[in-house]
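Participant: Top to bottom, those sequences are chains A and B.
When the letters of the first sequence are read in order and numbered with the numbering used here, they come out as residues 21 to 157.
When the letters of the second sequence are read in order and numbered with the numbering used here, they come out as residues -6 to 186.
Wrong hints could be hidden among the right ones.
Stated by the list, open to error - Each pair of labels, with its calculated beta carbon distance range:
no., chain 1, residue 1, chain 2, residue 2, range
1, B, Arg8, A, Val130, 55 to 63 Å
2, A, Ala73, B, Pro122, 34 to 42 Å
3, A, Glu54, B, Val139, 16 to 24 Å
4, B, Ser155, A, Ala105, 52 to 60 Å
5, A, Phe63, B, Asp4, 28 to 36 Å
6, A, Pro137, B, Pro149, 53 to 61 Å
None of these hints come from the bench; they were simulated from the model.
No residue lacks a Cβ here, since even glycine has one placed at the ideal position from N, Cα and C.
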Amino acid sequence: MTPEEIDRALASDTVRVRASPRFAAAVMARVRREAKAPPPLAFPWTRAAPGIAAGVLTLVLAVSAVVSTPGADAAARPPQAVARAVEITARVGDAFSALDARWATIWVAVAALTLVPILAPLLLVKPVRDLRPVRGS
Amino acid sequence: MTVDDGAAAVDRVLRGDVAAFAVIVERWQDPLVALAYRFCHDRSRAEDMAQEAFVRAFRALGQWRREAAFSTWLFALATNVYRAELRRRRAPLVSLDDVADPADSLDVAGEHEDSDRRAAVRRALHALPARYRDALVLFYFHEMDVERAAASLGVPVGTVKSHLARGRELLRRKLVATLGERDTRLEEARSDA
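Build out the structure end to end from the sequences listed, making use of the hints.
Facilitator: This is the structure we're talking about:
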């Protein structure tokens, strides 16, 4: 088969397909629904900006703290940073262990209260009934 | 509809006159359905795909940069929708090697020879890799206008030309094998009769 024959065969693929009479109405019905639908929610950049800025600042400070460790040569920096993190964690643990029983009870109660805003809405929600039509008689 | 008419309807829609979009639909429904049909060869599915293209066009109407004609923008958008749809819900395509020999279903008199030949070409076309198939589909849909095909595909003219050349070569090789065998068998059948 020559290229010219292929050209002719492909060019002659002229099945004149036309839209059905109801096509335009169907498209317009869908377009009207689209127009009535609320626009998609935009990302709240204004509200998120302080959080993003704080995150970036924290990251920059953390990196600068690691990089500017005094007296540390390049190879020793990561282990020293890890050691510092371990030290801070240990201090926090010591601080908690130093609390007396009364403070410990208060902290446990506060932790338990944080579950309230999560569980309360779940208790208020009613289970959705099955609304499917009953088939058959 | 001229380019200005298209722009006028678009302006009205962008000002909130949703009904003005009907002008665009009326004008372009047949070409968009026909293009969809060239991709999927299923009338019902072609209308679904064209409807999706119109809805996407409605949503994206504000993104039409008026440097190009409205039709160029609309065809490029529709082509993207159709190609994505084919990728998402790929019709069961046959391998080029599995393209049926038309002689198997052809009556011996060869009355339907031309239509079978076209059907064989179409089947082989749709078994091509997507980049070659799309270039060929758009090229012949746009009445062999490479620049319009390139605009619809959103690729340089040179890319379309190379895809056309490669696609035609793949088609030719396969059709020589399948139709060549068929023609030989037809000749044999005729001589036996």
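Participant: State for each hint whether it applies.
Facilitator: Cross-check of the supplied hints:
Checked against the given bound of 55 to 63 Å, the beta carbons of Arg8/B and Val130/A, roughly 56 Å apart, stay inside it. At roughly 48 Å, the beta-carbon separation of Ala73/A and Pro122/B lies outside the given 34 to 42 Å, and the hint is violated. At about 35 Å, the CB distance of Glu54/A to Val139/B disagrees with the hint of 16 to 24 Å. The beta-carbon spacing between Ser155/B and Ala105/A, approximately 57 Å, falls within the hinted interval of 52 to 60 Å.
With their beta carbons about 29 Å apart, Phe63/A and Asp4/B fall inside the hinted range of 28 to 36 Å. The hinted range of 53 to 61 Å is satisfied by Pro137/A and Pro149/B, whose Cβ atoms lie roughly 57 Å apart.
Violation of the numbered hints given earlier is confined to hints 2 and 3; the remaining hints are satisfied by the structure.
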